[in-house]
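A.B. asks: One line per chain: the protein sequences are A and B, in this order. Residue 1 is where the first sequence starts when you use my numbering, and the numbers rise one by one after that. Residue 115 is where the second sequence starts when you use my numbering, and the numbers rise one by one after that.
The set of hints was computed from the structure by calculation and includes no laboratory data. Think of the CB as a built atom: it goes at the ideal place given N, C-alpha and C, for glycine as much as any other residue. Take these hints with a grain of salt, some might be off.
Claimed, not checked - Straight-line distance between alpha carbons at most 30 angstroms, and here's what the computed DSSO-like set of lysine-lysine pairs gives:
| no. | chain 1 | residue 1 | chain 2 | residue 2 |
| --- | --- | --- | --- | --- |
| 1 | A | K106 | A | K73 |
| 2 | B | K123 | A | K106 |
| 3 | A | K106 | A | K78 |
| 4 | A | K70 | A | K106 |
| 5 | A | K70 | B | K123 |
| 6 | A | K106 | A | K55 |
| 7 | A | K70 | A | K55 |
| 8 | B | K171 | B | K123 |
| 9 | B | K171 | A | K73 |
| 10 | B | K171 | A | K106 |
| 11 | A | K73 | A | K55 |
| 12 | A | K78 | A | K55 |
| 13 | B | K171 | A | K55 |
Stated by the list, open to error - Which bits of chain A does chain B cover? Going by a derived footprint, with three or more residues having C-beta under 8 angstroms, they are:
| no. | region |
| --- | --- |
| 14 | 45-53 |
| 15 | 94-105 |
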Amino acid sequence: AQTVTQSQPEMSVQEAETVTLSCTYDTSESDYYLFWYKQPPSRQMILVIRQEAYKQQNATENRFSVNFQKAAKSFSLKISDSQLGDAAMYFCAYDGGANSKLTFGKGITLSVRP
Amino acid sequence: DSGVTQTPKHLITATGQRVTLRCSPRSGDLSVYWYQQSLDQGLQFLIQYYNGEERAKGNILERFSAQQFPDLHSELNLSSLELGDSALYFCASSTRSYSGVEQYFGPGTRLTVT
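Just chain A, with the same shape it has in the complex:
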């Protein structure tokens, strides 16, 4: 079975600084997808970024980028120019197999200091 591990339960970053959130996963599949979701205090799940495993190029969405290391099964999220609105819980998720079903890590709570 696939597993997703987020070993850091909490992180803090100064506003305007850069922070990296770590995620590792375990799978025997060669084709899969990885996601980062943001869950603010409202509890709404918001997709931040998506990475296809077959693509070597790291995904980027504005201030959010990933460092995808397929051999190491590592998928970290970098947030640049952190803003107060980035404060939330962030979940790393894996999706593989014939039918979509997200396997989530335990999440990391990110706080942003003004």
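Please build the complex by placing chain B on the supplied structure of chain A, with the hints as guidance.
C.D. replies: For chain B alone, kept in the frame of chain A given last:
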């Protein structure tokens, strides 16, 4: 607003009771997913339906069942409720059922079992 609606927003009930959670997917989406978020288990995939048919099953208890109706809305039925079933239940939808497709999450139903 993701376009996915869930009712009710909050539900408080007693142990041993049965409840039904309802989800309306985004317009045009054929796939519906149910997830459970609890303090103990984190975010877990429960079940996926595509155009009325069950496509994937996760850690869904036998006391729980779901279905997707011809108008594509879905219901999650939880019976013989236990204290441990208290959680936030998310519905998500997508256009297709295969892995990697972007899932849009609803706001969730907060279930409290007393």
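A.B. asks: Run every hint past the structure and note whether it holds.
C.D. replies: Hints, verified against the model:
1. A:K106 x A:K73: The given pair, whose Cα atoms are some 17 angstroms apart, holds under the 30 angstroms limit.
2. B:K123 x A:K106: It holds: about 24 angstroms lies between the C-alpha atoms, which stays within 30 angstroms.
3. A:K106 x A:K78: holds, 18 angstroms
4. A:K70 x A:K106: holds, 21 angstroms
5. A:K70 x B:K123: violated, 39 angstroms
6. A:K106 x A:K55: Distance of about 26 angstroms is within 30 angstroms: holds.
7. A:K70 x A:K55: Given that 30 angstroms is the threshold and the Cα spacing comes to 10 angstroms, the pair holds.
8. B:K171 x B:K123: Holds - the C-alpha atoms of B:K123 and B:K171 are around 24 angstroms apart, at most 30 angstroms.
9. B:K171 x A:K73: holds, 25 angstroms
10. B:K171 x A:K106: Answer holds: B:K171 to A:K106 is near 20 angstroms, not above 30 angstroms.
11. A:K73 x A:K55: This hinted pair holds, its Cα atoms lying about 14 angstroms apart.
12. A:K78 x A:K55: holds, 18 angstroms
13. B:K171 x A:K55: This hinted pair holds, its Cα atoms lying about 28 angstroms apart.
14. 45-53: Held - the region 45-53 of chain A has 5 residues with a Cβ nearer than 8 angstroms to chain B, which meets the minimum of three.
15. 94-105: Our answer is that it holds, as 11 residues pass the Cβ test (under 8 angstroms) against chain B, meeting three.
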